[in-house]
Amino acid sequence: MRSGTFRASCLLTFLCVLSGRGYGQQAPAVPSAQLLQPEELVPLLSRSGADRPLVFQVGPRVFYAEAHVPGSEYIGAAAQEPGLQALRDRVKSLPHDRFIVLYCGCCPWTKCPNVRPAYQQLASLGFSRVKVMYIADNFGKDWVAKGYPVEKGR
Amino acid sequence: MRGGRRAERIVRYIAGIVLAAGFARPSAAAQALTPTTDRTAPDFSRVDLDRREVRLEAYRGKVVLLNFWATWCAPCLSEVPRFAEWQRKYGGRGLQIVGVSMDDDEAPVRKACRKLKVNYPVVMGDEKLGELFGGILGLPVTFVIDGNGRIRFRHDGAIDLDALEREVRKLLPRN
Numbered sequence: 001m002r003s004g005t006f007r008a009s010c011l012l013t014f015l016c017v018l019s020g021r022g023y024g025q026q027a028p029a030v031p032s033a034q035l036l037q038p039e040e041l042v043p044l045l046s047r048s049g050a051d052r053p054l055v056f057q058v059g060p061r062v063f064y065a066e067a068h069v070p071g072s073e074y075i076g077a078a079a080q081e082p083g084l085q086a087l088r089d090r091v092k093s094l095p096h097d098r099f100i101v102l103y104c105g106c107c108p109w110t111k112c113p114n115v116r117p118a119y120q121q122l123a124s125l126g127f128s129r130v131k132v133m134y135i136a137d138n139f140g141k142d143w144v145a146k147g148y149p150v151e152k153g154r
Numbered sequence: 001m002r003g004g005r006r007a008e009r010i011v012r013y014i015a016g017i018v019l020a021a022g023f024a025r026p027s028a029a030a031q032a033l034t035p036t037t038d039r040t041a042p043d044f045s046r047v048d049l050d051r052r053e054v055r056l057e058a059y060r061g062k063v064v065l066l067n068f069w070a071t072w073c074a075p076c077l078s079e080v081p082r083f084a085e086w087q088r089k090y091g092g093r094g095l096q097i098v099g100v101s102m103d104d105d106e107a108p109v110r111k112a113c114r115k116l117k118v119n120y121p122v123v124m125g126d127e128k129l130g131e132l133f134g135g136i137l138g139l140p141v142t143f144v145i146d147g148n149g150r151i152r153f154r155h156d157g158a159i160d161l162d163a164l165e166r167e168v169r170k171l172l173p174r175n
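Chain order of the listed sequences is E and R. Each residue of the first sequence is one higher than the one before, starting from 1 at the first, in my numbering. Each residue of the second sequence is one higher than the one before, starting from 1 at the first, in my numbering.
FYI, nobody ran anything at the bench for these hints, they're computed from the structure. Note that the coordinates shown come from a computational prediction; the quantities given were computed from them, not determined experimentally. Warning: the hint list may mix true and false statements.
Said to hold, decoys possible - Simulated crosslink set (DSSO-like; lysine-lysine; CA at most 30 Å straight-line): (1) Lys152/E <-> Lys128/R; (2) Lys128/R <-> Lys115/R; (3) Lys146/E <-> Lys128/R.
The shape of chain E in the complex, shown without the other chains (with noise of 0.2 Å):
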């Protein structure tokens, strides 16, 4: 009984090991005032100009390759280093007052390791301009499965 209450916490503690190290980081210190809700996205996507924000896609690659955001770029994981050294590039030439959506939507809102890190690395670069999509469960279902458009490929 013993042994197993130790295993257990073993495990607990190994699991917060992992998550405290960038695996599954839980994500959602943006603003409120910074998040944008799917259906307020669609309409963005129609305007053109300054006007129409650049979205990134700052999750894994093969999810959005199944699907994205109609005209979003791949970034990467912006949970790891090379992900966020792509979106330092990706911004490194525009106006800090460029309006910028990114969205992931691998997982749930609470334990998405990608949003947060992103939203705060611009915000540190000094972007003004920058929403974060808000994705409760997964981007299949809270995008794709409403018949938002999307396009698919890498």
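Place chain R on chain E using the hints.
Quick look at chain R alone, frame taken from chain E:
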């Protein structure tokens, strides 16, 4: 006593209405993408992390728990040790667990599998495999496939593992 039972019945009735109003509506995920249950599981062949071929059809006759997961998905990581336990516990009765990692790279998957002591085959997934199974656009996703190769259940998101275990056990032959 009788009044207490009556009150209990009323409370249950109200709770039933509330639950029905709030939760009985089919979820968007259930309406999503391609329907994936009550049909023969699509066959696929991939090489696992140990470079052995994994072909889904080769498991015909076994109950297959096909789990799409990734190392960056916290709910997935909490499920994996239970799946490894079930593979040990029910493998002899005809359960085969197969993991499909949706990670972009293999290296973190190998590392996580070692740490989590994964004892079942894990293959690398991609968008083609995701589409084959009706769209995998969020994790975890777990399919329960019966011995005839039919998809009996699809579970999107973290689930009650005790309920899933019961579901799997019902499909296994009795000892």
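(Q) For a C-alpha distance cap of 30 Å, please report whether Lys128/R and Lys115/R respect it. (A) Holds. Lys128/R to Lys115/R sits at ~28 Å (cutoff 30 Å).
**Q.** Hint consistency between Lys146/E and Lys128/R [alpha-carbon to alpha-carbon, up to 30 Å]
**A.** Since the Cα atoms of Lys146/E and Lys128/R sit roughly 22 Å apart, the hinted pair holds (cutoff 30 Å).
Q) Given the hint that Lys152/E pairs with Lys128/R, does the C-alpha gap stay at or below 30 Å? A) Measuring from Cα to Cα gives roughly 11 Å; hence the hint holds.
In the structure shown, no violation is registered for any of the earlier numbered hints.
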